[in-house]
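**Q** According to our numbering, the sequence shown is numbered sequentially starting from 1.
Treat the hints loosely; a few may be bogus.
Cut-off 25 Å, straight-line C-alpha distance, at most; resulting in silico cross-link-like pairs (SDA-like, lysine to any residue) [unchecked claim]: (1) Lys-188 / Pro-137; (2) Lys-199 / Asp-138; (3) Lys-55 / Pro-34; (4) Lys-23 / Arg-160; (5) Lys-144 / Thr-82; (6) Lys-125 / Val-148; (7) Lys-24 / Arg-79; (8) Lys-97 / Lys-208; (9) Lys-125 / Arg-66; (10) Lys-132 / Lys-199; (11) Lys-199 / Gly-154; (12) Lys-199 / Lys-212; (13) Lys-188 / Gln-116; (14) Lys-212 / Asp-143.
Please keep in mind that the hints were generated in silico from the structure rather than gathered at the bench.
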Amino acid sequence: MFKPASKSTLHESVLNQIIDAIKKNIWEPGMKLPGEQALAKTFGVSRNCIREVLKALELSGIVEARPGDGTYLSINALRNITNTEFVASLFEESTLKELVEARQLLEGQIAYWAAQRATEQQIQKMEELLLKDEEHPDVDIHDKFHNVLAEMAGNRFLLRLLGSIRNELATQRLIFKTSPVENLAAFKKENWEICQAIKERNPEKAKKIMYKHLSHGQYEILERLHEKEQR
Numbered sequence: 001m002f003k004p005a006s007k008s009t010l011h012e013s014v015l016n017q018i019i020d021a022i023k024k025n026i027w028e029p030g031m032k033l034p035g036e037q038a039l040a041k042t043f044g045v046s047r048n049c050i051r052e053v054l055k056a057l058e059l060s061g062i063v064e065a066r067p068g069d070g071t072y073l074s075i076n077a078l079r080n081i082t083n084t085e086f087v088a089s090l091f092e093e094s095t096l097k098e099l100v101e102a103r104q105l106l107e108g109q110i111a112y113w114a115a116q117r118a119t120e121q122q123i124q125k126m127e128e129l130l131l132k133d134e135e136h137p138d139v140d141i142h143d144k145f146h147n148v149l150a151e152m153a154g155n156r157f158l159l160r161l162l163g164s165i166r167n168e169l170a171t172q173r174l175i176f177k178t179s180p181v182e183n184l185a186a187f188k189k190e191n192w193e194i195c196q197a198i199k200e201r202n203p204e205k206a207k208k209i210m211y212k213h214l215s216h217g218q219y220e221i222l223e224r225l226h227e228k229e230q231r
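Construct all of the structure, not just a fragment, from the sequences and the given hints.
**A** Spelled out as structure tokens, the structure:
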């Protein structure tokens, strides 16, 4: 059913085969996916490769990770695949630089609205998330933090659109083998600065810090792309 992934595009090969299996109902909504080790053996790739592919699928709402239980196919997997493919078709005519700029624009506005609209309970949730990461570093803190901000903004359409953009950027990181951020210390510091700006109900400050915050990881992707084009 599945083929060993092509060595030149391991992540894309695995990702495309999984999506194809979902479309053909080989994997049905709500079912539990095989474990990382089993998937790695099936596709002939490393567990790290599988982990990164599953993260990209989770960002698109195609799968759901349940701590201590495993990974499940989302009930809305097919709809989310359609949404992701539609947005991806828009990306085809866009440069990576344009995609990065679009994310900065959207995330900046989300931070602005979050400072205006966040409830005290949401602010507390954000602080607890950051405190928990200080005690027990979480590899998914980047996505969780931005998801909390999007919830604060209170715009569900924007949340879905941003999820698609993040997924495309996550794919580019896999291709160019970059990390989400160059400077982890600066990244965490800016998380707290954004949190403080929201607590102060200062939209402009939150927006300004968000622009700076996003510049770290996105700059690295663009640098790698430039290097590739020069070869």
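**Q** Run through the hints listed earlier and report the numbers of any the structure violates, in increasing order.
**A** No hint contradicted; all consistent.
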